[in-house]
Every structure is written in C-alpha cells, then in structure tokens.
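Each chain, letter by letter, is given below.
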Amino acid sequence: MIIYVATLIVIVVIMLALIAVFSKKLLSAIIASGFVSLGVSGLFFFLQAPDVAITEAAIGAGLSTAIFIIALKKVKKGESKDEE
Amino acid sequence: MNIFNNAALLIGVPLLFAFSIPLFGLISKELAKWVTLLTIGFNASFSFYILFAHKYPTMVVMGNWLPPFGENLYIGPVAAFLVFVISMIGLLIAIYNLWAIKKGDVIRFSVLFLMFTAGASGIVLTGDIFNLFIFMEITGISSYALAAFGPERRALGGAFKFLVVSSIGSTLYLMGVTLIYTQLGTLNIAEIAARINQTTPGLLTFAGILIISGLAVEAELFPFNGWVPDTYTGAINGVSASLSGIAAISAVYALFRIAMTVFGKSGGAYVSTYGKIDLMALIALLATATVIIGELSALSQKNVKKMLAYSSMAQMGLIAVGFSIGNKLGVYGGIFQLVNHSIAKSMLFLIVGVLVAVGVGENIDDFKGLWKRNPFLTLTFSIGAFSMLGFPLFGGFWSKFSIVAASVQRGGWYDFIIGLVLFASVVEAFYYLRIVAYMFASDVELPKVKTPITPAIPIFILAVSIVAIGIFPQIVGTFSAQAAGELTHKMSGYILHVIPSIAAH
Amino acid sequence: MRNDTPALVKRITALSLITILLIGFFLAFKEMPKGSAVNVNQRVSRLYVMKNVETATKMMENGKFFAKGIKPLRTDVPYTPITFGKSKNLEDGAANVVTSIVVDYRGFDTLGEVTVLFLAATGVAMLLFGKEKKRKNKTEPSLIMYVGTRISFAIIFLFGIYIFVHGHLTPGGGFPGGAVIASGILGLFLGKNGYKPNHLGLKVFESLSGMAFVIIGLTGLFSVHSFLANFLPTGVIGDLYSAGFIGLIYIAIGMKVGAELSAVVNSMIVDVEEEWS
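Chains as they are written, first to last, in the working numbering: chain H, 739 to 822; chain V, 583 to 1087; chain C, 2 to 278.
Quick caveat, the hints were computed from the structure, so don't treat them as lab data.
Note that CB positions come from ideal geometry on N, CA and C, so glycine has one too.
A hint or two may mislead.
[Said to hold, decoys possible] Partial pick of chain H residues on the chain C-facing surface, computed with a CB cut under 10 Å:
{"id": "1", "residue": "789"}
{"id": "2", "residue": "792"}
{"id": "3", "residue": "800"}
{"id": "4", "residue": "804"}
{"id": "5", "residue": "809"}
{"id": "6", "residue": "812"}
{"id": "7", "residue": "815"}
[Stated by the list, open to error] As a list, the in silico DSBU-like pairs of lysine-lysine whose alpha-carbon atoms are at most 30 Å apart:
{"id": "8", "chain 1": "V", "residue 1": "611", "chain 2": "V", "residue 2": "684"}
{"id": "9", "chain 1": "H", "residue 1": "811", "chain 2": "V", "residue 2": "685"}
{"id": "10", "chain 1": "H", "residue 1": "811", "chain 2": "C", "residue 2": "193"}
{"id": "11", "chain 1": "V", "residue 1": "743", "chain 2": "C", "residue 2": "11"}
{"id": "12", "chain 1": "C", "residue 1": "204", "chain 2": "H", "residue 2": "812"}
[Claimed, not checked] Rough simulated footprint, nothing fancy, chain H against chain C, three-plus residues with beta-carbon under 8 Å:
{"id": "13", "region": "164 to 175"}
{"id": "14", "region": "179 to 185"}
{"id": "15", "region": "261 to 272"}
For reference, chain H alone in the conformation it holds in the complex (with noise of 0.2 Å):
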C-alpha cells in the first residue's frame, strides 16, 4: 500500500520540481520549491527516517520558502525604485 502511496508523492514532486525550474513568475516557482520540499518530507517519513522529516518540513517547507519569498519582495521594491 505504501509503496503505492510513495510512487504517487515521487510524480507529484517531479512534476512540481518542472514547474519550479520552468515557471515564469518567480513566485509560483518558489511556491512550487517549498511543495517539492514538503512531498520530500513525506517521502523521508515513509523510509524512516522520521527526524529527517521534521527537519526538512521545518526548514524546506516553511522557513526557507519564507525568506525566498521575503528576497523577492526586497529584489521588486528594489526593481521599482529603479524604475521611478
């Protein structure tokens, strides 16, 4: 059964993975990075490695999209001071 589950979760991270590296916008790319890090996660729980899990939900898919998302708030200010 897990197998099953496991197989559906590494798809689903491929795909969101292409949509990260192939997207237009910037933000849905990062959006993306932080899924892939979450269905990571999911998958290190299904091998066991239960620590490694929470490390990488706490720190891939919440702490770091945040900042990336922060940094391109900062390089946009930054882009329509320029503008002005």
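Assemble the complex: chain H is given as a structure, and chains V and C must be docked to it using the hints.
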C-alpha cells in the same frame, strides 16, 4: 598508532573564539580583529610546535572512538607542513586586515575570516571523507560571504557566481561519497583507501569523476573555473589574497588526497588510480588546459587584479600538473610550487590592495613609473613577479625546475604536456616582465606615495621568505620531500598509521 | 555561459547535463550487486569491532589485537538483548540510534554542521548590515493573525523545546527543534508590522550556546583525553537523564539553531541603509 589528542585544539580553539567574537565585538570593533589575529597566532604557534618539536605522523581520535568507527584527524608530514603554512599566511593577512578593514560589519568579517582559516586547516587535517565535506562547506560558505564584502557592486556578482558553481561542486562531491559508501559502508579515508579495490570498477569510476569534478571547482581546474576572474577581481584585496593563499592550499590538498590516497594504486614508479580510467591522467589533461587558458587570458588583461586572477588559475594548473605526474619528484615539485604560489600570490594581492588604498589604482597604466613613487612596493612586487615566473634565486625557480625534471623522468606523453606548460610559462614571463618594465622604466612624473606601516609588515615578511626560499630551498624542500613520500606511498605513509590492524586482514 | 546566450540554449545545456548525470547514476546502480547477493561481512567494515580506545589498548597489551585467532565479528562477548527501561551502562545509552551516531560517534561532524549554519547566518547578516530603517507595509495584518500567531507561538515554542530535550529518546533533536522554534518566531514577524526581537539577547544567546558546545567538547578533551568524548554516565536506556552528554549537546544545538535561524529571518526582513561611505 601514535595518538596526540591535544592537537584537536587546532580546530577547537578557533571554533570557541569564532563563537565568542560577537561578544567581544560588543566591547569594541578593534578587539574583534585582535581576537582573530591572536587565535590564528595560537594556531600558527601550535602547528609550529607540531612541525618542529612533536613526533609525527600522529593522529587525533575524536570522541574516544577509534578511526574506522569514529572520526579522526591525521597529522602526517603533509598535514603538519600545510597547516603551518596556512596558519602563517592567515596570520599575516590578519595583520593586513587590522589596517584594511575599517568600514562595514568588521565584527562579522572577523568571524568569517577566522573560520575561513580554521576550515582550511580542517580540510588538511581531517581523516574522514565526510568530515572533509563539512570543512569544505565551512571554508566555502565563509569565502562566499568574504568575497561579497566591500563597498563595490562588482563584489556581489563575483561572489554569487562563486556560490552557485561551488554549491554544485559540493553536491557532486557528496554524490560521489554516497556511491562509495554504498559499496564499502565506511567513510574513513584510510579504510576506503585500503579496500577500494573491492568495489565494482564502473561505479568506482563514476564516483571518482563526480568527486574530482566537485573538488576541481575550488582547485580552479579548467571547465569548473568560470568563477575565478570575477570573484578575485570583485573581492577586496585581503580576501583575494586569502582565496589564492589559503583556499588554494586546502583545495589542492583535498583533490590529491582523494586522487592519490583514496583511489590510488600503491607501489610502482608513479601513482595511478583504480577504475576504468586513470583519474590522475584525467587531472593532468584538465590541468594542462587550465595552464594554457589561464596564461593566454591573463596576457590580454588591462586590470592587474584580473591579470593576477588568471595567473592564479594558471598556477593552480601548473601545481596540478606537478602532482599528477605521480612520481615522488613531481609531487615534491607540486607541493613546493603550492607553497611558493601561496606566498607570492597573496603578497601580490596585498600590494595591489595597498596601492589602491594610497591612490595609485589597479590598472596596468597606473603602475607606470612606480619605482620613483614608492621603491618598497615596487621592489616587493618585482620579487613576487620573479618568483611567479620561476627566475633563479627566487622561490619559484626550484619548484618549476623539479616539475620539469619529474615529467622528463616520467617520459611518455608527459613530454608533450610539459612542452605546452613551458610555452605557457613564456607567456607568463612576458606579462609579468611587462609590468616590471613599466614600473622601472617609465619616465612619468607623479607625486610620491607613502607606505603605511601596518600592511608593510606582512608584505616585507612574505618578500623576505620568497628570497630566503630561493637562496636556501631546503627550508621548504625537506618538508616537501617528506610530504611527497607520504602521498606516493599510501600504505606505509597513511593507512598503516591510522589503522595498524588493517595489515592483519 | 554568457549573459546574452538565448534562454533555450541554456535550458537545453542544463537538461543535457542532468541527463548525463542520470545516465551515469543508472549505469552505476546497475553495476551494484543486488541486496541478496552481497556478502555482509565484505560490505560492512570488518574493523567495526574494536571501537573503544580503552578496549583496543587493553587487547593490544594482551597481544590479542593482531592475533590471527580473532574472528572479524566479536564472538567472545555473549550477546545480550537491550531492554527498554532496564539495560544500564550501555556503550552509548541513547534510545534513538540516529542521535547516538550523529552526536556521539560522529559528534565532530555535528559541530561542523552547527558552524556551517552559524557562518551562513553570519554571512547573511554581514551582507545586509547597515542602519535600520522603519518598516512600512501597505497592509496591516488582521487582528486574527495578530492574536493567532501570539497564541500559537507559545505552543510551537514548547514543541520545539520538547523536540530537542527529548532528542536522545524520540526522533528529532537539536536541528529540527531549533528550526521549529525559528518558524514560530517567523509567525511573530508576520503577525505584527514592525515586530522587533531583542537583538542583543539573540546575539548573546547564539554566542553562549555555541561556546557551550565547544566547551563540552573541551571538557571531554581534558577529562577523558579526547575531544567531544562522552564524560557522563550513560544511565538507563529510555530515561530522560540518560545517554551522557547527548542531552546537553542537543540543548546547546537547539538553542543555537533557533537563535540563528531567527537572526536570519530578522536580517532578511529588516530594511537597512548601507553604510559604506
């Protein structure tokens, strides 16, 4: 098995002070710089003690677990000598930083510089292939941040390029380590080295290529060195000096510790590696390409820093050629050239830093008539340039001479390689001599400039050591010869000192 | 690759590089022997027998270390199963095997990892150094957000502390615990415009917890003569006060990682004016 656990202080003390520098920084900015200086000074004196007064090869056992099980540091002839060189150059650059770093976040800069030096010594000391990765990350992350330090915008671009390329490099290295771990179930360098022939050859070759490409990023070999010119030019001069003087040593060490000790076959006139292709030959090809591309690109540069950056790349190629010849004389020449390169190139960058700060500038045209403006910096710059191009009576002569001699000894297609390298040396001589000629011969009349005292101290010491090595090559030569012995005989030089019982299996 | 290269060329290059890597991995894994065909004795290091310096020195003194009679896997010690809550004075004493590998056997790596994180946080803070400007956001977060983040912060904080204090008993440890705490602090930032943590406190906390890790290591060096060696009794497996110094180290790591990641979030979120001239 000779255990000297107190040598763990070489890593422990810098870590302790790196964590506490923010607290010292609350008192004063100057204090942070002095703490860095004194801590690196402790490392320098402790490694001096190990090199001259303590018996080595010796080993440090971490956490009271013996090597194949826990982690260890191995202090053989190579590590003892290179840690001493790294700490001494770090100490001199720290003295320069006392004068050069005044604006910006001085406290955090001191933390990063201290950990950069300690991480480089960690790479040289460690006896564990994953621990090597950790120290690579420590050195790498601090060098990205250091390279981005400074008021100029170009620093950020260079540092970002360095960050991206270097992160990909360390990922490749980690993949290679994983592949080896699936085969042997161990991460200890000595044990992997002893059992490397138990792996399947195809997998071993793939892992080797991954690891070598990962390490070649920091060692500035050809397809992986696109970051070099921008990063060196963009960074402030003290950082460029430490990148070429300190990071270079640890990168070359890591590359050839893996290629020669881990993958190498022991016995025979020269070292070759297990697997479907010979990694040493691969490195020789990359290194030759690096030398030629580096020297030819340096020729057309108008900016001295960029020229030094390309020259640094070419020198790393030359060092790698020396090591990859694989016989004892070649490795001897490689280590000798490595030390010469770090001394001379860090001195040249420091001189450019002083020249920029006193208002001379960093373009080749600014160097015209420098002899009349400031004889001290002109003389030291000329000494560095002569050592770089291997002039007799300067340090670089002996090392280049032994690399050429070693390749003649090895023969075969190395004759062809050394022909190309010698051609590149002619190019190198041309562009260094051009600057020297500009400095002495031009009759431009410009006001004199004074040399500040603090940065003059490290420059003077480095210049004196170049001349001293040129006149008495045995200062470096004896240690290089011991180190070459360790690298070319992996069983008696490395493995048996770490795991003596391996002979019984 | 230069800046003016067309995007399609860049993507094709990247894809082909990745394909080469994948093919390499595929070929490498194909060569790998199947699980059942592997002789475990060959793959697992035979030298994983004499682990402790003391035992090995004793055996060396007795002349046994190099003797041919010794089997690769130890048979001279009878195998006793480990019982939760009963077994005492084990080699390591942590119920969580991952923890005992990460902190005890390979504690030096963990010290390095903590340093890597510390350096990354320091580098970020160094690059974004300057005089702080007042933050002005276009929208004020709603009251629900404000109250909700404050309430959930207490729970998240407590959970983070639980994770790192129980690192040697349950999955988790210093890194996840610290990351959880930092994500709680990120919530506080989102909940109120112009939220300011105590900068001096964060700095001091970060430094002291990092120094605590190294000092624990140095205590090992001066008491057991080995850097980062366990110098405390290992206790009964499953107890909170067991596994020697693992608990202490995980508390130090947890506090350090939490403070560092919060500092990263803080230095990213705050707008500064650069001071170079």
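How the hints compare with the structure:
Taken as an interface hint, residue 789 (chain H) checks out: its beta carbon lies about 4 Å from the nearest beta carbon of chain C, inside 10 Å. A distance limit of 10 Å between C-beta atoms decides the matter here; for residue 792 (chain H) the minimum to chain C is near 4 Å, and the interface restraint holds. With a least beta-carbon distance of about 5 Å to chain C, the hint placing residue 800 (chain H) at the interface is held under the 10 Å criterion. Satisfaction of the interface hint for residue 804 (chain H) is found here, the shortest Cβ-Cβ separation to chain C being roughly 6 Å, below the 10 Å cut-off.
At its closest, the beta carbon of residue 809 (chain H) sits 6 Å from a beta carbon of chain C; the interface hint therefore holds under the 10 Å criterion. Interface hint status for residue 812 (chain H): upheld, as the beta-carbon distance to the closest one in chain C is roughly 8 Å, under 10 Å. Restraint check, residue 815 (chain H) versus chain C: the minimum CB separation of about 8 Å is within 10 Å; hint holds. Taking the CA atoms of residue 611 (chain V) and residue 684 (chain V), the gap is near 9 Å; set against the 30 Å cutoff, the hint holds.
A distance of roughly 28 Å separates the Cα atoms of residue 811 (chain H) and residue 685 (chain V); the hinted pair therefore holds under the 30 Å criterion. Pair hint residue 811 (chain H) plus residue 193 (chain C) holds up; C-alpha atoms about 17 Å apart against a cutoff of 30 Å. Note on residue 743 (chain V) and residue 11 (chain C): the hinted pairing holds, with a Cα-Cα distance of about 16 Å set against a maximum of 30 Å. With a C-alpha separation of about 24 Å, the suggested pair residue 204 (chain C) and residue 812 (chain H) falls inside the 30 Å cut-off, and the hint holds.
Proximity of the region 164 to 175 of chain C to chain H, defined as three or more residues with a beta carbon under 8 Å from a beta carbon of that chain, is established by the 4 residues found. Counting residues of the region 179 to 185 of chain C whose beta carbon lies closer than 8 Å to any beta carbon of chain H gives 4, which meets the minimum of three for the stated coverage. Note: the region 261 to 272 of chain C has 6 residues with beta-carbon separation from chain H under 8 Å; the three-residue rule is met and the coverage holds.
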